[in-house]
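Q: The listed protein sequences derive, respectively, from chains V and H. Per my numbering, the first sequence runs over residues 1 to 517. Per my numbering, the second sequence runs over residues 518 to 574.
Worth flagging that the hints you see were computed from the coordinates, not collected in a lab. A virtual CB, placed ideally from N, CA and C, is assigned to each residue, including glycine. Mixed in with the good hints, there may be bad ones.
To be verified - In silico DSS-like pairs for lysine-lysine, Cα to Cα no more than 30 Å straight-line:
no., chain 1, residue 1, chain 2, residue 2
1, V, K378, V, K229
2, V, K131, V, K110
3, V, K229, V, K380
4, V, K131, H, K524
5, H, K521, V, K275
6, V, K99, H, K542
7, V, K404, V, K456
8, H, K542, V, K131
To be verified - Negatives, chain V to chain H, calculated, CB over 12 Å:
no., residue
9, L81
10, A365
11, K509
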Amino acid sequence: MASGFVIRKNQYYDSVYLMSVNRRIAEVKGVQQTAVLMGGPANKQLLSDIGIQDTQIDTAQPNDLIVAVIAETSRMVDDVLGRLDEWLEAIEVPALKSKVNTLKDGLAQKPDANLAAISIPGEYAAKEARKALEANLNTFVFSDNVSIEDELELKRFANQHGLIVMGPDCGTSLIGGVGLGFTNVVRKGSIGVIGGAGTGLQEFTCQVHNAGFGISHAIGTGSHDLSDKIGGLTTFAALNALESDTKTKVIAIIAKIPAPGALEHLLDKIETCKKPVVGCFLGIDTTRLSVRSNLQFATTIDDAVRLSIEAVNGNVVVPGKDLSAEDLALIVDEQTSWSPDQKYLRGILAGGTFCYQSQQILQEAGINIYSNNPLDNKYKLAQPDLSIENTIVDMGDDFYTVGKPHPMIDSTMRRQRILVESRDPKVAILFLDFILGYNASMDPVGDLVDVIQEAKLIYKQHAGALTIVASVCGTDGDPQDLNMQIKMLRETGVLVYRSNALASKVCCKLLGKEKRF
Amino acid sequence: METKIDKLLSQPIIVLNVGLNKFAKSLEEQGVDVTQIDWAPPAGGDQEMIDLLDDLL
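Chain H with its partners taken away, still in its complex shape:
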């Protein structure tokens, strides 16, 4: 049975880039369909708040 890994190797890759903008730029230069996600630490990076949100969600 064809897995999602097999499909990844046999089909054009479509990327969601979470983080370094430079990586998205290099994928774009290679003609790849890439969507940049401008990530920032959740809850302002406040660890207590992050833990609280994790418990709630």
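For reference, chain V alone in the conformation it holds in the complex:
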């Protein structure tokens, strides 16, 4: 085996662009491993981990491009690295042309801009967001790994100046029908939604659309907004704005485990809101919260959708989603195909909110779930890479995404993890999510279908069968072909559901009927 690398000084590319280049090089015959990345500390460590070390790499800076290749022969390595310009130019989507390098120059060109969208490495994001706010721009901060102190400072500044900071770590917002970050194509309507949970907002807006209704605005707050330290500054700003917005008739709030103090303040605020509010606080036992006027609690995103539609639809009761007789029959068929050793669930999810919601549903059914982001710290995985019994992993967690695109864009980490799980003979159910929409992979099912088939084959060879349960979050208007994605899954023998809550209930049924528990 041979290896080599090239460093290009002061040649900066974003992580999604680099992923596309990496993917192309990895497809070259004879190439075993590639790393196309910028010279930041975390990336240099990644190179070291695969055995690529050199003093030139040690001194590389965060805006120096490093391309490393491990291949069967040194000739192959030289050939790949010698064609670097070709690889860099051959990206899938042609980049939007720009001659602007700073926010200041951007503002000079577009003085009437009203929003800055920031998606740069976390260590630089707060500074750019601050510049945007000082220039009177509302901000959408996709970047994660921003300190809580910086977040508080940004949000306080925004609060004092009538601006909003959506984020940091904000995956999704939909402002007047325009999607920022990971969003789906949904019709406009009168349901407003606020969420600290990116995939939660996607699931909510897709389901509203799929039920024939529409969204006024979906405002992402960032995942830390309802912590005690931030106190819900963006959630409050969004609630005030949606209360004033003439198009919005009902406001839904979706959040993952709000801090008790921030939640109580929010509930107080909701009581005085002039519009009906639906609250879906995942991971919280809502029966312990005080009853508030003007607020309906939803335990799942599906419930929040149903209650919101009822609020704008003249209280016409919308039936809840449940499992059909056909679903139940399929579940029994799957169970009977397992070998005696197979008994555990492994969820390898791209959506952080889905990870929470699934844990909540399974735990309510009496099934303990280990996770890298557990509802209860008692079930925290000591090592995120090592599953224990029933485990659901949030593959979008910082642990997996430093210096890399989110798993909704780049399936590499999920592919690896699925194959690792499939080597455990005790696994009976592989639980997945597929999220469509702008900025997600153009073929999320196609990215995983070969490893799903491989995993199924492994169990077949051991006189068992692997049950694969998946939810698909998307709409008929999304850039990916929704029906084709679902068809591909079904043809691979996957049990497919149109909501994460419903897919989670299927997992409960699959595990619950098993007498060994």
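Given the coordinates of chain V, work out where chain H should sit on it, guided by the hints.
A: Same frame as chain V, now just chain H:
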């Protein structure tokens, strides 16, 4: 009084996109007025130099 957030929700959005080019492309596909800013780490990403510049500016 109408805040800048209220205006954001009621008027067409005009975006300065700092970072991922893919995001600017998706906004353009949606018919949004977007300006791509090709950001790179300041001072070559040299943290000491960045701190020094921050002190000076």
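Q: Hint by hint, say whether it matches the structure.
A: Against the structure, the hints:
1. V:K378 / V:K229: Answer holds: K378 of chain V to K229 of chain V is near 23 Å, not above 30 Å.
2. V:K131 / V:K110: holds, 15 Å
3. V:K229 / V:K380: holds, 23 Å
4. V:K131 / H:K524: holds, 20 Å
5. H:K521 / V:K275: holds, 21 Å
6. V:K99 / H:K542: With a Cα-Cα distance of about 15 Å, the restraint between K99 of chain V and K542 of chain H holds, given a limit of 30 Å.
7. V:K404 / V:K456: holds, 28 Å
8. H:K542 / V:K131: Holds, because 23 Å separates the two Cα atoms, which is no more than 30 Å.
9. L81: holds, 23 Å
10. A365: Given a closest Cβ separation of 38 Å, the condition holds.
11. K509: Given that every Cβ of chain H is farther than 12 Å from that of K509 of chain V, nearest at about 38 Å, it holds.
Violated hints: none; the structure is consistent with every hint.
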